[in-house]
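Trainee: So the sequence lines, in the order shown, correspond to chains L and G. So the first sequence is numbered by numbering that gives the first Met the number 0: it starts at 0 and just counts up by one. So the second sequence is numbered by numbering that gives the first Met the number 0: it starts at 0 and just counts up by one.
One or more hints might be untrue.
[What the hints assert, rightly or not] Subject to a maximum C-alpha distance of 30 Å in a straight line, what follows is the list of computed BS3-like cross-link-like pairs (lysine-lysine):
id : chain 1 : residue 1 : chain 2 : residue 2
1  : G       : K254      : L       : K218
2  : L       : K1        : L       : K169
3  : G       : K76       : L       : K254
Treat the hints as calculated values from the structure; they're not laboratory data. None of these values were measured; they are calculated from a predicted model.
In case you want the letters, here they are:
2 protein chains.
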Amino acid sequence: MKIIVDVFSGDDPKALIRGTAAALNVYPDVRVVMPGDPTYLERELATCDYDASRLEILPASEVIGNDESPTMAIRQKRDSSLVRGASLLRSDPEAGGMISAGSTGAILCCGIFVVGRLRGIDRPALAPVLPTVDGGSVCLIDCGANADCRSEYLAQFALLGTSLMRTLCKVENPRVALVNVGVEGHKGNMLTSQTASVLAEMPVNFVGNMEARDALSGKYDVLVCDGFVGNVLLKSIEGTAANVVAEMSEVLRRKLPGSENSELIADAAREVMRSYDYNSYGGAYLLGCRKPIEKIHGAANERTIPYAVGQMRSMILAGLTDSIAEQLESMSRKPGDEK
Amino acid sequence: MKIIVDVFSGDDPKALIRGTAAALNVYPDVRVVMPGDPTYLERELATCDYDASRLEILPASEVIGNDESPTMAIRQKRDSSLVRGASLLRSDPEAGGMISAGSTGAILCCGIFVVGRLRGIDRPALAPVLPTVDGGSVCLIDCGANADCRSEYLAQFALLGTSLMRTLCKVENPRVALVNVGVEGHKGNMLTSQTASVLAEMPVNFVGNMEARDALSGKYDVLVCDGFVGNVLLKSIEGTAANVVAEMSEVLRRKLPGSENSELIADAAREVMRSYDYNSYGGAYLLGCRKPIEKIHGAANERTIPYAVGQMRSMILAGLTDSIAEQLESMSRKPGDEK
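Bound conformation, chain L alone (with noise of 0.2 Å):
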C-alpha cells in the first residue's frame, strides 16, 4: 500500500525524515511517497539506512506555515508539500492516505477542498484516539477541527468516531456519549440539547450525556463534541498531566529522597507521561474526506512517524473510508427500503 508523509509541514522535517525510513523498515508492505525539495530530501536520506526501492520523492517546492491563513495558503501555495501530497492522495488510487505535520486549519482545507469529502459529511472532523485509565482507547470527536458547528455536524462526528473505533480499535458496538457540564438531561447548552434529540434518533449506540472528568474513565468509546470544547477538553488533560506528574515527583523526591529513589521516581513520571503525549501515540484522524488523513503534532519528532504509520495502515487495511461511506450510505436509505 502507498501511504503519502508530509515531513516538510511540521517543526524538524529531518526528524520526520528520518522517522519515515524508519517506518519503511517496520512495514515491509508500506510504500512511502514524500512530497517536498527533492535535493533537501535526497540528502536527509542519504544518511539513513532503509528500502530506498519503496521510497519515493513528489517535487514540491513550497512549504506552508502553521500561522498562514488555511484557506489563503490552499489556493496560492499550489506547489506546498501539503498541497502536491493532497493531490496525489486525490488522483492516484494506488494512494491509500496521507499523514501530515501541518496545522490543522491547513490539513482541514486540504482534505475539503483538494481530497474531498464523502457525501453526506458537511464538515470533516479531527478525532484522536486517547488511551483510557482502564488500558482501552476513546476516540474525541471534534478535537479542534471545527470550531463551530451546528447539531448535524456532531450527529456525522458520532458516526465518524463509531466507524473509527468499530475498524480500528475493534469495538464492536461503541458507546457514543456527548460532551455536556453534566449527565442530566436537561443540562447543557443549545448546541447540546439538539444535539442530544438527533443523537438518539442516530444508528449509533448513544447513551447520552458525559462530564469531562470521566473523558478518560473507559466508560465510553466515542466523545462527541464541537471543535472548540474537544480542543479545550483535550488540552487540558494533556497540561493537567503533565503539571501533576511534575508536582508527585517533586513531592516524592522530598519523602524518598537518595539518588536511587529520585531515579525510580522520574521513570516512574515517563512511564505515566507516555499515554498523555502525543507523540508517542502518533495523531489525530481528519474524518469524513474521501481518503484518511493523519494528523501529527507540528512537534512530532522522529519516534511520531513509524507510529503514524502503523495507525495509518491499520486504518488502510480495515477499509475504514468505504466502511463510513457505506454506513452514510444505509443512512440516507428511507426506512422501509430493500437494505
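Chain G: place on chain L using the hints.
Mentor: Only chain G this time, still in chain L's reference frame:
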C-alpha cells in the same frame, strides 16, 4: 458580620451543620444565619460545641433538589432554605453574603431573581479561584452559570474576575486571558473572535488568548470563557488530576515495594490531590449580584464550611461587591466625564 449558610441544599446537611459550628469557632467576628427545618437544625446543633449566641435559625420547610428545574423551583418553593436565605440576603442590610451547597442553576436563579443583579451586569457568573502550579491563584469565569454567552457577557466576566482577584488575592493588575484553541489572534470560534476585540477595549489588563493546557500555569490571573467551556475545563482538570495521581501511585508502588514506601506514596498522592479537590478549598463565587454568593459542591463535607466561611468573610471585609459596582459605574461614565 452576618453570613447566611444554606446547608440543606447539599447532599449531607449534618456534615455541613457540624462544619458551620466549627467555622463559628474559627471566626469570632462572624454571625451565621441558617435557613431550614428548626427541629432538625436544633437536634444536630445540640451535638456541636460552638457559640450558640452567634447562630440564628431561619425557619424554612422546603429543600430544592439538584434535579429540579431551577426557575420552577425558585417560583414554587418559596419556603425552601435557598430562597429564604436569598430573600434575607436581599432584605437584611447586615447580611454580607450567602453560602449554599445548592445546584448552580438554583443558586443562579436566586442570585438573579431574588438577590438581584448589579447595574451593568447582564449575567452573573460562577467563578472558582484555583491554585496554580507556581503557588499562585487563577480565577476561572464563567465555570458553569451561563452555558450560552454573548461577547458582552464575557467582557463583563473579565471585569468581575479582575475585581475578584484584586480584592480577594490582592493582585494589583490581574492578567486577563481569553480561553481559546490557540494563542494566535486568528484562532477560535465566533464567540471568542468577537470577545477578543471587545476585551481589547475594556479597562482590564487583557493579555490575549490562552490555551487550556496553560490554565494553571500561573501566566494568567483571570481566565474568561463561557460557562460551558469553563465547566468542561474545570472538570477535565479535576478528572485528569485524579487519574494521573492514581496511575503515578500505582507505578511507584510497583517500583518501590514495601508498606513504608506505599504509605509515603499515599501521603504524596493526598498532598497533590489537595490542590485539585474542591472540598479542600471551598467553592466558587457567583459574581455580579448585589451581594456575594458562594456555591460549594453538593458533595461538600464538614471541612468545606470553615474554608468557605473564611473566603466569604474576606470578600465581605474587602468590600468586593462595592468595588465591582464602582468599576461598573466608572466604566458607564462617558470618556471626558468628571471622576
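Trainee: Which hint numbers does the structure go against, in order from smallest to largest?
Mentor: 3
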